[in-house]
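If you read the sequences in order, they're chains U and R. For the first sequence, the working numbering assigns the number 678 to the initial residue and increments by one for each residue that follows. For the second sequence, the working numbering assigns the number 938 to the initial residue and increments by one for each residue that follows.
Incorrect hints may appear among the rest.
Said to hold, decoys possible - Have a look at the derived ranges for each label pair, beta carbon to beta carbon:
(1) R:I991 x U:L757: 38 to 44 Å
(2) U:P687 x R:M942: 42 to 48 Å
(3) R:K1008 x U:A744: 21 to 27 Å
(4) U:S729 x R:R1021: 18 to 24 Å
(5) U:K722 x R:K988: 24 to 30 Å
(6) R:S967 x U:N732: 25 to 31 Å
(7) U:R753 x R:E978: 41 to 47 Å
(8) U:G686 x R:G1022: 23 to 29 Å
(9) U:P687 x R:R946: 36 to 42 Å
(10) R:K1008 x U:R753: 46 to 52 Å
(11) R:R946 x U:G686: 25 to 31 Å
(12) R:G953 x U:Q746: 41 to 47 Å
Stated by the list, open to error - Calculated cross-link-like contacts (lysine-lysine; reagent style DSS-like; alpha-carbon spacing at most 30 Å):
(13) R:K981 x U:K722
(14) U:K756 x R:K964
(15) U:K773 x R:K988
(16) R:K964 x U:K773
(17) R:K964 x R:K988
(18) U:K719 x U:K773
(19) R:K999 x U:K719
(20) R:K988 x R:K999
(21) R:K1008 x U:K756
(22) U:K722 x U:K679
(23) U:K719 x U:K679
(24) R:K999 x U:K773
(25) R:K1008 x R:K988
(26) R:K964 x R:K1008
(27) U:K756 x R:K988
(28) R:K964 x R:K981
(29) R:K964 x U:K719
(30) U:K679 x U:K773
(31) R:K981 x R:K1008
(32) R:K964 x U:K679
(33) U:K722 x U:K756
(34) R:K964 x U:K722
(35) U:K719 x R:K1008
(36) R:K999 x U:K756
(37) R:K1008 x U:K679
(38) U:K756 x U:K719
(39) R:K999 x R:K981
(40) U:K773 x U:K722
No lab work stands behind these hints, which were simulated from the structure alone. Quick caveat: nothing in here was measured; it's all calculated off a predicted structure. The beta carbon of each residue, even a glycine, is placed where N, CA and C say it ideally should be.
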Amino acid sequence: RKEVEQDPGPFNVPEGATVAFNCTYSNSASQSFFWYRQDCRKEPKLLMSVYSSGNEDGRFTAQLNRASQYISLLIRDSKLSDSATYLCVLGTSYGKLTFGQGTILTVHP
Amino acid sequence: NAGVMQNPRHLVRRRGQEARLRCSPMKGHSHVYWYRQLPEEGLKFMVYLQKENIIDESGMPKERFSAEFPKEGPSILRIQQVVRGDSAAYFCASSPSSGVNSPLHFGNGTRLTVT
């Protein structure tokens, strides 16, 4: 079983739509959780950290359920510029990151 | 403050040659991580280094691959006797400290093509 499992998609949504991505992980010792985005095989960029209490950054909301080992990302009011691959990422105590394969999102006019 | 600098951006090598990938971390960062992304796959951890020390090399292939982060100069990822399966994007990241919440800053990668 992979350490981080994501639905690869692709998700094709119109502008303005709400879209949700899910991610499950197998290592219960994981200590930190993130969503990164990667454009066209460029370097991954941190989108947001994920906390147990849930957190929101503008149109983006992330949730963590430690008991179910499940992470989610919700994007509201999708923009064309949101088109990218979204990576679910776990962190260890010393900063090593484990990446999911990513979920491809395409937002169309 | 320059970001993480990787060079070259693109590297073409014939089978059997050596590839050297360089990474200069952000100023003030002493922790360097190397990741590899094979075509159509996610990023995979290779190695974590601090100045002059390899801390975790659990993701490094057992043969032909080595990494260093000397006291002076960039971190180097070296691949000897390259094979076609080594073709990938290699990303370096740095952070100012270790720790669960220390953010990683990624360079824009070196794309290695083995012909």
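Outcome of the hint check:
1. R:I991 x U:L757: 38 to 44 Å: holds (43 Å)
2. U:P687 x R:M942: 42 to 48 Å: violated (32 Å)
3. R:K1008 x U:A744: 21 to 27 Å: About 46 Å separates the Cβ atoms of R:K1008 and U:A744, which means 21 to 27 Å is violated.
4. U:S729 x R:R1021: 18 to 24 Å: Distance hint for U:S729, R:R1021 is violated at roughly 44 Å.
5. U:K722 x R:K988: 24 to 30 Å: holds (26 Å)
6. R:S967 x U:N732: 25 to 31 Å: holds (29 Å)
7. U:R753 x R:E978: 41 to 47 Å: Between U:R753 and R:E978, where Cβ atoms are some 30 Å apart, the hint is violated.
8. U:G686 x R:G1022: 23 to 29 Å: holds (26 Å)
9. U:P687 x R:R946: 36 to 42 Å: violated (27 Å)
10. R:K1008 x U:R753: 46 to 52 Å: holds (49 Å)
11. R:R946 x U:G686: 25 to 31 Å: Between R:R946 and U:G686, where Cβ atoms are some 28 Å apart, the hint holds.
12. R:G953 x U:Q746: 41 to 47 Å: 44 Å Cβ-Cβ, so the 41 to 47 Å window holds.
13. R:K981 x U:K722: holds (15 Å)
14. U:K756 x R:K964: violated (34 Å)
15. U:K773 x R:K988: holds (16 Å)
16. R:K964 x U:K773: Roughly 20 Å separates the two Cα atoms, so the pair holds.
17. R:K964 x R:K988: The given pair, whose Cα atoms are some 13 Å apart, holds under the 30 Å limit.
18. U:K719 x U:K773: holds (20 Å)
19. R:K999 x U:K719: Since the Cα atoms of R:K999 and U:K719 sit roughly 27 Å apart, the hinted pair holds (cutoff 30 Å).
20. R:K988 x R:K999: Satisfied, since the Cα-Cα distance of roughly 22 Å is no more than 30 Å.
21. R:K1008 x U:K756: violated (45 Å)
22. U:K722 x U:K679: holds (22 Å)
23. U:K719 x U:K679: Since the Cα atoms of U:K719 and U:K679 sit roughly 23 Å apart, the hinted pair holds (cutoff 30 Å).
24. R:K999 x U:K773: Satisfied, since the Cα-Cα distance of roughly 19 Å is no more than 30 Å.
25. R:K1008 x R:K988: holds (6 Å)
26. R:K964 x R:K1008: Since the Cα atoms of R:K964 and R:K1008 sit roughly 14 Å apart, the hinted pair holds (cutoff 30 Å).
27. U:K756 x R:K988: Distance of about 42 Å is beyond 30 Å: violated.
28. R:K964 x R:K981: The hint holds at about 25 Å.
29. R:K964 x U:K719: holds (22 Å)
30. U:K679 x U:K773: Holds, at about 16 Å.
31. R:K981 x R:K1008: It holds: about 26 Å lies between the C-alpha atoms, which stays within 30 Å.
32. R:K964 x U:K679: violated (35 Å)
33. U:K722 x U:K756: holds (18 Å)
34. R:K964 x U:K722: holds (18 Å)
35. U:K719 x R:K1008: Roughly 29 Å separates the two Cα atoms, so the pair holds.
36. R:K999 x U:K756: Violated, because 44 Å separates the two Cα atoms, which is more than 30 Å.
37. R:K1008 x U:K679: Judged against 30 Å, a Cα distance of about 36 Å means the pair is violated.
38. U:K756 x U:K719: Holds - the C-alpha atoms of U:K719 and U:K756 are around 20 Å apart, at most 30 Å.
39. R:K999 x R:K981: The hint holds at about 15 Å.
40. U:K773 x U:K722: holds (15 Å)
In this structure, the earlier hints numbered 2, 3, 4, 7, 9, 14, 21, 27, 32, 36 and 37 are contradicted, and the remaining ones agree with it.
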